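Colleague: Order-wise, the sequence lines are chains A and B. The first sequence begins at 1 in my numbering and counts up by one. The second sequence begins at 277 in my numbering and counts up by one.
Since the hints were derived computationally from the structure, they do not count as laboratory data. The structure presented is a predicted model; accordingly, all values stated were derived computationally and were not measured. There's no promise every hint is true.
[Claimed, not checked] One-sided and incomplete, this derived list gives chain A residues near chain B with beta-carbon spacing under 8 Å: (1) ARG8; (2) SER9; (3) PHE10; (4) THR61; (5) LYS62; (6) GLY64; (7) ALA67; (8) SER221; (9) TYR252; (10) ASP253; (11) TYR256; (12) PHE257; (13) THR261.
We treat Cβ as the ideally placed atom computed from N, Cα and C, and that holds for glycine.
2 protein chains.
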Amino acid sequence: MKTVSENRSFGGMQGVYSHESSACSCEMTFGLFLPEEARHVPVPVLWYLSGLTCTHDNAMTKAGAQAWAAQEGIALVFPDTSPRGEGVANDDAYDLGQGAGFYVNATQAPWAPHFRMWDYIAEELPALIGSEFAIDMDRQAITGHSMGGHGALTLAMTLKDRFVSASAFAPIANPTQSDWGTKQLGAYLGDDRAAWQKHDSSLLMIEHGFDGPVLVDQGTSDQFLDLLKPETLAEAMVKRRQDGVFRMQKGYDHSYFFISTFMEEHVAFHAEHLYA
Amino acid sequence: MKTVSENRSFGGMQGVYSHESSACSCEMTFGLFLPEEARHVPVPVLWYLSGLTCTHDNAMTKAGAQAWAAQEGIALVFPDTSPRGEGVANDDAYDLGQGAGFYVNATQAPWAPHFRMWDYIAEELPALIGSEFAIDMDRQAITGHSMGGHGALTLAMTLKDRFVSASAFAPIANPTQSDWGTKQLGAYLGDDRAAWQKHDSSLLMIEHGFDGPVLVDQGTSDQFLDLLKPETLAEAMVKRRQDGVFRMQKGYDHSYFFISTFMEEHVAFHAEHLYA
Numbered sequence: 001m002k003t004v005s006e007n008r009s010f011g012g013m014q015g016v017y018s019h020e021s022s023a024c025s026c027e028m029t030f031g032l033f034l035p036e037e038a039r040h041v042p043v044p045v046l047w048y049l050s051g052l053t054c055t056h057d058n059a060m061t062k063a064g065a066q067a068w069a070a071q072e073g074i075a076l077v078f079p080d081t082s083p084r085g086e087g088v089a090n091d092d093a094y095d096l097g098q099g100a101g102f103y104v105n106a107t108q109a110p111w112a113p114h115f116r117m118w119d120y121i122a123e124e125l126p127a128l129i130g131s132e133f134a135i136d137m138d139r140q141a142i143t144g145h146s147m148g149g150h151g152a153l154t155l156a157m158t159l160k161d162r163f164v165s166a167s168a169f170a171p172i173a174n175p176t177q178s179d180w181g182t183k184q185l186g187a188y189l190g191d192d193r194a195a196w197q198k199h200d201s202s203l204l205m206i207e208h209g210f211d212g213p214v215l216v217d218q219g220t221s222d223q224f225l226d227l228l229k230p231e232t233l234a235e236a237m238v239k240r241r242q243d244g245v246f247r248m249q250k251g252y253d254h255s256y257f258f259i260s261t262f263m264e265e266h267v268a269f270h271a272e273h274l275y276a
Numbered sequence: 277m278k279t280v281s282e283n284r285s286f287g288g289m290q291g292v293y294s295h296e297s298s299a300c301s302c303e304m305t306f307g308l309f310l311p312e313e314a315r316h317v318p319v320p321v322l323w324y325l326s327g328l329t330c331t332h333d334n335a336m337t338k339a340g341a342q343a344w345a346a347q348e349g350i351a352l353v354f355p356d357t358s359p360r361g362e363g364v365a366n367d368d369a370y371d372l373g374q375g376a377g378f379y380v381n382a383t384q385a386p387w388a389p390h391f392r393m394w395d396y397i398a399e400e401l402p403a404l405i406g407s408e409f410a411i412d413m414d415r416q417a418i419t420g421h422s423m424g425g426h427g428a429l430t431l432a433m434t435l436k437d438r439f440v441s442a443s444a445f446a447p448i449a450n451p452t453q454s455d456w457g458t459k460q461l462g463a464y465l466g467d468d469r470a471a472w473q474k475h476d477s478s479l480l481m482i483e484h485g486f487d488g489p490v491l492v493d494q495g496t497s498d499q500f501l502d503l504l505k506p507e508t509l510a511e512a513m514v515k516r517r518q519d520g521v522f523r524m525q526k527g528y529d530h531s532y533f534f535i536s537t538f539m540e541e542h543v544a545f546h547a548e549h550l551y552a
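Next comes chain A alone, as it looks inside the complex (with noise of 0.2 Å):
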């Protein structure tokens, strides 16, 4: 592992380190918010997955969750979106490729040998931060933006007994129904749609739940309503009697001046439960 940064922060310290994935089979690269108290003590971790065509930079930098990470005494992860450099596949779309790896782990040419983003946050990451770092694995949260927002709840209701909580901020909800969705899941792991199933927090929401408490923000002016299918998900989180806020916000958009706002929530709504 190799340090590409560290700023203080919040009393803290915001770091950013790279090291060759074996998941993933390049060289990634994630932020490690810790604060002050991890200097004595393993502290709890949240995890914060990113949307398309972010790398680990755009959260940590813009969403103001350091604040109150340092504020409950918890680490912040922030990892890439996908696999990055030359010899990996791309494609010219903004949503598939590099920036988009949808936590999914490809087995279709040409992303299959890189795209495994799924095991890279499942397994690969949190055994390398659990080992380098004064992180207590035992206390997990996790969180997401967008793309980001799928992944943590679909990592979060299949991972069972893994996080503690789950939240998301105007995730992609429905996947299998929507062109954000169909398109990546059919590019990474092909035509057969039972794949893809496991892979979409609506309906893992109705056949799974997860055992913790859900909190998810959708602003009502977000641009990408339709593609996000926020109202499947609520839906199913109510039929599935989840326990479980589901909130419109009047007014907000899908930029980081939404996740920005409603980030301190976020926090102390995981921190309640990670300390539980």
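Starting from the structure of chain A, add chain B where the hints point.
Modeller: Below, chain B alone, put in the same frame as chain A:
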């Protein structure tokens, strides 16, 4: 004036606007955050002047100021750092020309016709925002980072009775004695060092001081300490018996991770005086 974008943020609105500037003879862009209160009554305003290489956008997206401005009921204005465009002079260096206006009125070719950032910030932009938005121009305060800290302090000390309070993050504090200063002041103002002295906050502090309170934060691990010369300003503040606080912040560097960490305290400091 044209609306470039408007995003709902912390109950208020983060806008970006452009206009034909007479001071700079080109189109200029600025960011403006209005808290919810501005729907009903004119609110006080805090100016944030940015540093070298920045546009209006950097602080608006990375400094985390909107959270605190919303809490205090204060507008934020984020001007650009120089004139821009194809017809505007430039230099290959990051610290001269576009992105490096240094908050002066250039008198020398090729800069003179456009590089009039002093007049833009002191006269034109206040008149524009005072007429177009619900801002109480009798209650203004100013802050900034690096080159923008230099701009904030020099404007505050020169424009008597304009600002109730002034602060800075890692300001270029003694530009007449630094490579961050002699290069730009020489290029924009020529060889007459008497003209430079009006743009050196350490010299102005000795000569005038500031009628209101001053807050300065400087990281001890700032990679540009030799260029910023904070010791000269700290000495001048004490010699002047200036109402003010100069804080060395252990381990912090020159980045937005430093700025965002202390933004809450700067906004609260200004709010105390804007609402006095």
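Colleague: Each hint should be assessed against the structure and marked as holding or not.
Modeller: Status of each hint after checking the structure:
Interface restraint check: A/ARG8 against chain B, minimum CB-CB distance 4 Å, threshold 8 Å, status holds. With 8 Å as the threshold, the beta carbon of A/SER9 comes within range of chain B, its nearest partner Cβ sitting at about 4 Å, so the hint holds. Checking A/PHE10 against chain B by beta carbon gives a least distance of about 5 Å; that is within 8 Å, so the hint holds. Annotation: interface hint on A/THR61 holds; nearest CB of chain B at approximately 5 Å, less than 8 Å.
At its closest, the beta carbon of A/LYS62 sits 5 Å from a beta carbon of chain B; the interface hint therefore holds under the 8 Å criterion. With a least beta-carbon distance of about 4 Å to chain B, the hint placing A/GLY64 at the interface is held under the 8 Å criterion. Contact between A/ALA67 and chain B, as hinted, is supported at the beta carbon level, the nearest pair being about 6 Å apart and thus within 8 Å. Taking 8 Å as the C-beta contact cut-off toward chain B, the hint placing A/SER221 at the interface holds, the least distance being around 7 Å.
Among the interface hints, the one on A/TYR252 holds; its C-beta lies about 5 Å from the nearest C-beta in chain B, closer than the 8 Å criterion. The restraint placing A/ASP253 at the interface with chain B holds, with a minimum CB-CB distance near 6 Å, inside the 8 Å limit. Taking 8 Å as the C-beta contact cut-off toward chain B, the hint placing A/TYR256 at the interface holds, the least distance being around 7 Å. With 8 Å as the threshold, the beta carbon of A/PHE257 comes within range of chain B, its nearest partner Cβ sitting at about 4 Å, so the hint holds.
A cut of 8 Å between beta carbons decides the hint on A/THR261: the least distance to chain B is about 5 Å, and the hint holds.
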